[in-house]
Amino acid sequence: MKHLKHLNKYFYKYKWKLISGLVITIAARIFAIYYIPLIGDSTNVIEDYIKGEITELSVVRSELAYNIMIIVGATLISAFFTFLMRQTFIVVSRHMEFDLKNEVYRHYQDLSLNFYKKNRTGDLMNRISEDVSKVRMYLGPAIMYSVTTFTSTVVVLIYMIDAAPELTLYTVIPLPVLSYAIYKLSVDIHKRSTVVQQYLSRLNTFTQESFSGIAVIKSYGMEQHTNSDFVELSNGSRDKNLDLVKVQAFFFPLMVLLIGISNILVIYIGGRKYLNGEIENLGVIVEFLLYVNMLTWPVASIGWVTSLVQQASASQQRINEFLDEKPEITNKKSSEDNIKGAIAFKDVSFTYDDTNITALRNISFEVKNGETLAIIGKTGAGKSTILELIGRLYDVEEGEITIDGRNIQNLNLDSLRKSIGYVPQDAFLFSDSIKNNIKFGKTNAIEEEIYEAAKNASVHKNIVNFSKGYDTVLGERGITLSGGQKQRVSIARAIIHDPEILLFDDCLSAVDTETEEEILNNLFKISQNKTTIIISHRISSAKNADKIIILEDGRIVQQGTHSQLINETGYYKELYAKQLNEKEM
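Residue numbers for the sequence shown follow UniProt numbering, beginning at 1 and rising by one.
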């Protein structure tokens, strides 16, 4: 239950609606029980008529007609208040579910990139969907039926004690046994619910990865193997769910048994007292039977509610694990910064936590505002890491990164990232229209701006040839487009953003040399007065840069201009000669 304390703020937020729901529930229960004494009175009238104490049949009919009218009226009023009760509690629970999902989602966005490397997408999705849904059942139905149970029990016991105190005592004897059984079972349910949710996360992760990588699975003919793994995982999930259900299955039979025992006690003990003259009217026994059966659902719901609470507690514990995660990258400044784009690395070293790989070693370089820097190096040299550090996806451990002469960690994080147009190596596009994917860089962009950005990225001609043009909806991760088209749409998205800093991470690797030349010429015009960093494996992408650095094993081994480096023995000259020969061939 301690894990559910996190939800107290939502109870406080909606306290007045919940209080009104409580009042409505009490009214509904009072009217639901109000008519039971009338049934007892009706029984007594009939008994008196049979005994001859009432001789006029018209009196009996009049009394019964009056009681029936009151019973129908009380039932209708109770039904109306019950409707309002459900509307209040269930609607509030949906508001709380909405708030909790938004809280989790906002926190996901605040968490650093390292968090997403350590946790799987399927597990993240399960906690914000399935786990939150389990918690919603606690916030709505569990709370509602708990209030109903408590109210009904109190009101019924008041009526029962007023009618026959001793008989009431015998009737409630099974309740302590029920409470103990519920306690023992709820502990086991909590443990098994946690395991069930863990298995569900694993299932979600497996299926998400399988669907995302379906092309690879088909290419290697691994459908049967993947299916076998899924069957094994789903069988494990089924077994854990069955273990949970087996425990939950004890609740309702136990409730029915104990209620049955209470009915037997009422009939046996009440009947003896009636025969002995200790109870004057038969209507008291009829009332007690109705009271006991009216307690059937409230008492039975204790088991169901307990199960919901335990499942919610297990789910909230999993949600809290992520909510308790602290972002590694934090915004240390509230006021916005005006960023121009001068970048400097001073003896920067960086090691990835998840792999313990040192990507950069004592890197130092400077890019002035409006200059273009090209970075070349072999795979794994640390090129992409430089761009990730500029966007503060990670913070440096050693050395310092400055922008406009200020430490990057002291800049407003929102201002920093708004000033950057980033095209990653693995072009990611959303399952949306091409137009909206480009507008992601500028949500209020007009059509002319979208077309201009696409033209500068040399993708406009491709888009207009699609049947729906810019309204073409892409598949997951942009699977509808070719690799080169995805890269160019990503470039258009960065261009339309019109940032002060442009970062291109080998984003022309999937386009032909002619298209590359066209894009580079357009980028050269666009990037005037913008700080631009281009990562590439091609000399053609780097040769016009104001400065070029060569990375090897996280260190700068060469730097200079194109004309300087082709005359200097080293990696750049060798790569230039190799690519020049390939072009001539």
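Treat each hint with caution, since some may be false.
Computed beta-carbon distance windows for the label pairs [to be verified]: (1) Arg-555 <-> Val-245: 30 to 36 Å; (2) Glu-448 <-> Ser-334: 44 to 50 Å; (3) Asn-331 <-> Pro-253: 52 to 58 Å; (4) Asp-498 <-> Arg-555: 32 to 38 Å; (5) Asn-320 <-> Lys-573: 45 to 51 Å.
Once the Cα atoms are required to be at most 30 Å apart in a straight line, the calculated BS3-like pairs of lysine-lysine come out as [as the list claims (entries may be wrong)]: (6) Lys-461 <-> Lys-435; (7) Lys-340 <-> Lys-455; (8) Lys-543 <-> Lys-418; (9) Lys-378 <-> Lys-191; (10) Lys-573 <-> Lys-455; (11) Lys-9 <-> Lys-378; (12) Lys-118 <-> Lys-326; (13) Lys-101 <-> Lys-15; (14) Lys-15 <-> Lys-5; (15) Lys-573 <-> Lys-547; (16) Lys-578 <-> Lys-442; (17) Lys-191 <-> Lys-5; (18) Lys-455 <-> Lys-468; (19) Lys-378 <-> Lys-240; (20) Lys-547 <-> Lys-418; (21) Lys-530 <-> Lys-101; (22) Lys-5 <-> Lys-378; (23) Lys-442 <-> Lys-333; (24) Lys-326 <-> Lys-191; (25) Lys-218 <-> Lys-332; (26) Lys-461 <-> Lys-117; (27) Lys-117 <-> Lys-378; (28) Lys-117 <-> Lys-101; (29) Lys-101 <-> Lys-17; (30) Lys-418 <-> Lys-442; (31) Lys-543 <-> Lys-525; (32) Lys-340 <-> Lys-468; (33) Lys-17 <-> Lys-118.
To be clear, the hints were calculated from the coordinates, so they are not data collected in a lab. Please read these numbers as outputs of a predicted model, since none were measured by experiment. Think of the CB as a built atom: it goes at the ideal place given N, C-alpha and C, for glycine as much as any other residue.
Which hint numbers does the structure go against, in order from smallest to largest?
1, 2, 5, 9, 10, 11, 16, 19, 21, 22, 25, 26, 32, 33
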